[in-house]
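**Student:** Sequence positions in the sequence shown follow numbering that gives the first Met the number 0 and run 0 to 162.
These are calculated hints, taken from the structure and not from any lab test.
Glycine included, C-beta positions come from ideal geometry on N, C-alpha and C.
Some hints could be false.
[As the list claims (entries may be wrong)] Simulated DEER-style distance windows between Cβ atoms:
{"no.": "1", "residue 1": "P83", "residue 2": "D138", "range": "15 to 21 Å"}
{"no.": "2", "residue 1": "Q142", "residue 2": "G108", "range": "19 to 25 Å"}
{"no.": "3", "residue 1": "T52", "residue 2": "E16", "range": "21 to 27 Å"}
{"no.": "4", "residue 1": "D138", "residue 2": "R6", "range": "22 to 28 Å"}
{"no.": "5", "residue 1": "G2", "residue 2": "A139", "range": "32 to 38 Å"}
{"no.": "6", "residue 1": "D132", "residue 2": "D95", "range": "35 to 41 Å"}
{"no.": "7", "residue 1": "R14", "residue 2": "G84", "range": "39 to 45 Å"}
{"no.": "8", "residue 1": "G22", "residue 2": "G120", "range": "22 to 28 Å"}
{"no.": "9", "residue 1": "A5", "residue 2": "D70", "range": "35 to 41 Å"}
{"no.": "10", "residue 1": "A10", "residue 2": "E119", "range": "20 to 26 Å"}
{"no.": "11", "residue 1": "T82", "residue 2": "R50", "range": "27 to 33 Å"}
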Amino acid sequence: MHGQQAREFAAAAGRLEGQVEVGEIFATLEELARVGLHCEHVGLLLCRDDRLTEVGATDPAVEQADRWQLDTGEGPCCACLETPGACVVADTTTEDRWPGWSTRVARFGFRASAAIPLREGEVTLGVLTLYSDRPATFDAAAQPCADLLAAHATRALARSGLN
């Protein structure tokens, strides 16, 4: 991230500092994902009573993709809870770890996905789900920005007490 893109990302990240409402936090996370990762679709799931609950989605397709994962236990948002970091799908049309999920989200036009656990120490606050219309959006070059986005999201959620 360089120049204007870095300035826009920093400005949006700074706005998170005073936000406590889930709608405000989600809107800013959406902006950060769009600016930093060129991500078109975003979802936010929070852990409540040891279960993930949908609290934000940019569009109905994200709601359906995330809901399907929660209902079936299949997909990157469920898998990332068992891993130390993000669970990335480079191309949904060739993904074979979760065939039911990947076929479904490819029909929505989502070609890449990332599920990023939002953790404060050992406690998982939620999961940020990212979807792109282009394959390989969340590659190794995008990882530092995704990590930064997750850190900002985690701090905002921890401070808000939303989970």
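**Student:** Confirm or reject each hint.
**Tutor:** Hint by hint, here is what the structure shows:
no. : hint                    : verdict
1   : P83 x D138: 15 to 21 Å  : holds (19 Å)
2   : Q142 x G108: 19 to 25 Å : holds (24 Å)
3   : T52 x E16: 21 to 27 Å   : holds (24 Å)
4   : D138 x R6: 22 to 28 Å   : holds (23 Å)
5   : G2 x A139: 32 to 38 Å   : violated (21 Å)
6   : D132 x D95: 35 to 41 Å  : violated (21 Å)
7   : R14 x G84: 39 to 45 Å   : violated (26 Å)
8   : G22 x G120: 22 to 28 Å  : holds (26 Å)
9   : A5 x D70: 35 to 41 Å    : holds (39 Å)
10  : A10 x E119: 20 to 26 Å  : holds (24 Å)
11  : T82 x R50: 27 to 33 Å   : violated (18 Å)
Hints 5, 6, 7, 11, counting from the list given before, are not met by this structure.
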